[in-house]
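With the numbering used here as the guide, the letters of the sequence shown map in order to residues 34 to 308.
For the record, the hints were derived by calculation from the structure and aren't laboratory data. Glycine is no exception: its CB is placed at the ideal position from the N, C-alpha and C atoms. Be careful, since some hints might not be right.
Derived pair list, reagent style SDA-like, types lysine to any residue, alpha-carbon separation capped at 25 Å [what the hints assert, rightly or not]:
1) 183 - 272
2) 183 - 204
3) 199 - 142
4) 183 - 102
5) 199 - 125
Label-pair ranges, simulated between beta-carbon atoms [as the list claims (entries may be wrong)]:
6) 248 - 115: 39 to 45 Å
7) 58 - 85: 19 to 25 Å
8) 137 - 203: 29 to 35 Å
9) 124 - 239: 26 to 32 Å
10) 293 - 112: 37 to 43 Å
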Amino acid sequence: MQDLATKATSTPDAEEVIYDLAPVRSAMLSQLAGFEHGFYGRVGGVSSGIYESLNSGPGSQDDPANVAENRRRIATHLGVSPDRLLSAYQVHGADALLVDGPFQGERPQVDALVTRCPSIAPSVLTADCAPVLFADPAARIVAAAHAGWKGALGGILEATLARMIKLGGAPGRIVAAIGPCIAQASYEVGPEFVARFVAADPANERFFIPGEDDRSLFDLKRYCAARLRAAGLGAVDILPHDTCAETSVFFSNRRRNLAGEADYGRNLSAIRIAR
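Build out the structure end to end from the sequences listed, making use of the hints.
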């Protein structure tokens with residue numbers, strides 16, 4: 034059973050239900066005036082079973098009506114209409130897209146969305162990958178990027194920043210928050226994974242610690258933060274959560290695989306310009 038609150042609407046006899054979705058928030062982003070954001074997990078929705086309860090992924094095998102209702106609740110929580118809570122068809126690539134309205138037709142196959150439009154809330158869907166939210170308080174630009182290991186290695190964070198800079202953003206002003214994702218303690222990888230990162234840059238060895246046998250543990254959060262700082266950002270917030278370990282709070286693909294489940298829900302992270 035979910036807690037909920039109500040907010041009066043302009044109609045005296047009507048009340049708009051605002052559900053307690055318990056989003057995680059970045060302290061750095063929260064300090065910026067005129068922005069709303071949230072890293073939403075699995076709390077406060079209508080889905081059941083392995084999707085309990087705020088599954089926001091249209092690509093899952095959950096009932097589409099439940100996914101739509103969950104997304105509607107998040108949109109209401111953020112203060113946008115449901116058709117303006119935008120999620121791309123993510124492909125673990127390095128393409129960022131500028132958006133100024135709802136998608137026409139199929140969702141674009143990109144891994145980051147950038148906007149200057151206050152009525153749009155760009156979002157990303159994750160289930161262990163890192164959601165990264167961006168805001169430039171002076172240029173009034175926001176972005177959401179999906180940074181799994183492949184996208185982060187391939188340059189999705191830099192591509193997102195490039196889009197923001199083209200609109201007038203400045204790395205020295207941009208604040209980025211790396212949201213809930215799989216933590217190093219849960220992110221076991223094989224030697225071929227380590228070799229791929231070290232081949233790209235020998236300094237990447239610092240993001241791995243020894244695991245059992247020939248396995249290693251990868252720090253995706255710190256890797257993303259290093260890429261952002263190398264691109265000129267001084268304000269990078271790293272949230273402490275572990276999606277794989279925090280079973281009741283977040284969806285996790287790795288946890289699903291370990292449990293032998295058929296599918297998994299998606300966490301949604303979004304940001305918007307409030308005024």
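Checklist entry - residue 183 and residue 102: Cα distance at most 25 Å? => result Judged against 25 Å, a Cα distance of about 31 Å means the pair is violated.
Checklist entry - Okay, residue 58 versus residue 85 on CB: inside 19 to 25 Å? => result The hinted range 19 to 25 Å holds for residue 58 and residue 85, with Cβ atoms some 22 Å apart.
Checklist entry - So the hint says 26 to 32 Å: do the beta-carbon atoms of residue 124 and residue 239 match that? => result holds (28 Å)
Item to check | Given pair status - residue 125, residue 199, alpha carbons within 25 Å | outcome: holds (23 Å)
Checklist entry - Can the suggested window of 29 to 35 Å be confirmed for the beta-carbon pair residue 137 and residue 203? => result Holds, at about 31 Å.
Checklist entry - Regarding the pair residue 183 and residue 204, is the alpha-carbon distance no greater than 25 Å? => result holds (23 Å)
Checklist entry - Do the alpha carbons of residue 183 and residue 272 lie within 25 Å of each other, as the hint requires? => result Within the cut-off at roughly 20 Å; holds.
Checklist entry - Does residue 142 lie within 25 Å of residue 199 when you go C-alpha to C-alpha? => result holds (21 Å)
Checklist entry - CB of residue 248 to CB of residue 115, is that within 39 to 45 Å? => result holds (42 Å)
Next on the checklist: Given the hint of 37 to 43 Å, is the C-beta distance from residue 293 to residue 112 inside that range or not?
Outcome noted: holds (39 Å)
Consistency note: the structure conflicts with earlier hint 4 alone.
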